[in-house]
Amino acid sequence: MPAFRHPVVAVSHGPGGLWLLSSEILSMSKSCQSAKTLQSLFEKLYPDGKHLPKRILVVSAHFEAFSGGFEISKAAKPDMIFDYYNLPAEAYAVNCPAEGDPEFAWKLEASLARNNIKAKLVDRGFDHGVFVPMLLIRPRFDIPIVSMSINSQLDSKAHFELGRVLAAFRDEGR
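full-length UniProt numbering puts the first residue of the sequence shown at 1, with every later residue one more than the last.
Treat each hint with caution, since some may be false.
In silico BS3-like pairs for lysine-lysine, Cα to Cα no more than 25 Å straight-line [to be verified]: (1) Lys-120 <-> Lys-157; (2) Lys-107 <-> Lys-120; (3) Lys-118 <-> Lys-107; (4) Lys-54 <-> Lys-44; (5) Lys-118 <-> Lys-157; (6) Lys-77 <-> Lys-120; (7) Lys-77 <-> Lys-54; (8) Lys-36 <-> Lys-107; (9) Lys-54 <-> Lys-157; (10) Lys-50 <-> Lys-118; (11) Lys-50 <-> Lys-36; (12) Lys-107 <-> Lys-77.
Cβ pair distances, simulated, as ranges [to be verified]: (13) Cys-32 <-> Ala-76: 18 to 26 Å; (14) Asn-116 <-> Ala-93: 22 to 30 Å; (15) Pro-88 <-> Phe-169: 31 to 39 Å.
Bear in mind the hints are in silico, worked out from the structure with no lab data behind them.
Just so you know, even glycine gets a beta-carbon here, dropped at the ideal spot from N, CA and C.
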């Protein structure tokens with residue numbers, strides 16, 4: 001095992017697009033404490049910019065596959081998917097200019113196939129389960145982001161096996 005392993009972090013998108021607003025709505029703007037915690041997360045995980053990841057893989061609960069397996073976005077320049085409703089216009093004007101990593105998507109799909117986990121590559125943009133936390137965590141967008149689905153038709157064992165295969169990628173650094 002290498003001296004440094006990239007962390008696995010579970011984060012919430014909080015109140016969705018409300019974290020992106022400059023004005024206070026129900027004390028849920030990007031100035032609330034939970035948003036500030038996410039804003040400081042990357043520096044805590046990677047102090048002094050050491051051991052930065054090659055990419056960030058986000059398994060989003062807002063990206064759900066309904067086939068017999070999982071889906072991985074192979075989009076090189078993912079679009080924005082505004083999958084929230086009835087928010088001020090400001091919440092729909094945000095942009096997450098991070099690039100995807102199609103080469104990694106193919107590599108991940110092949111690794112899952114070798115482990116008998118069904119997955120398919122799709123062109124999909126960033127839903128708010130991806131872009132809301134990432135706008136707070138790494139707003140420089142200098143690290144590619146790949147999004148991946150969950151599948152509520154599969155049991156927890158299937159998702160655990162997915163995590164087991166994904167764990168091998170934690171050792172990939174820059």
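Results for each hint:
1. Lys-120 <-> Lys-157: Judged against 25 Å, a Cα distance of about 19 Å means the pair holds.
2. Lys-107 <-> Lys-120: At roughly 12 Å apart (the allowed maximum being 25 Å), Lys-120 and Lys-107 satisfy the hint.
3. Lys-118 <-> Lys-107: 14 Å, holds
4. Lys-54 <-> Lys-44: At roughly 18 Å apart (the allowed maximum being 25 Å), Lys-44 and Lys-54 satisfy the hint.
5. Lys-118 <-> Lys-157: Given that 25 Å is the threshold and the Cα spacing comes to 14 Å, the pair holds.
6. Lys-77 <-> Lys-120: Given that 25 Å is the threshold and the Cα spacing comes to 18 Å, the pair holds.
7. Lys-77 <-> Lys-54: 16 Å, holds
8. Lys-36 <-> Lys-107: Given pair Lys-36, Lys-107 is violated - Cα atoms ~34 Å apart, limit 25 Å.
9. Lys-54 <-> Lys-157: Violated, at about 28 Å.
10. Lys-50 <-> Lys-118: Violated, at roughly 34 Å.
11. Lys-50 <-> Lys-36: 22 Å, holds
12. Lys-107 <-> Lys-77: It holds: about 18 Å lies between the C-alpha atoms, which stays within 25 Å.
13. Cys-32 <-> Ala-76: 18 to 26 Å: 34 Å, violated
14. Asn-116 <-> Ala-93: 22 to 30 Å: 43 Å, violated
15. Pro-88 <-> Phe-169: 31 to 39 Å: Between Pro-88 and Phe-169, where Cβ atoms are some 38 Å apart, the hint holds.
Of the numbered hints stated above, those contradicted by the structure are hints 8, 9, 10, 13, 14, listed in ascending order.
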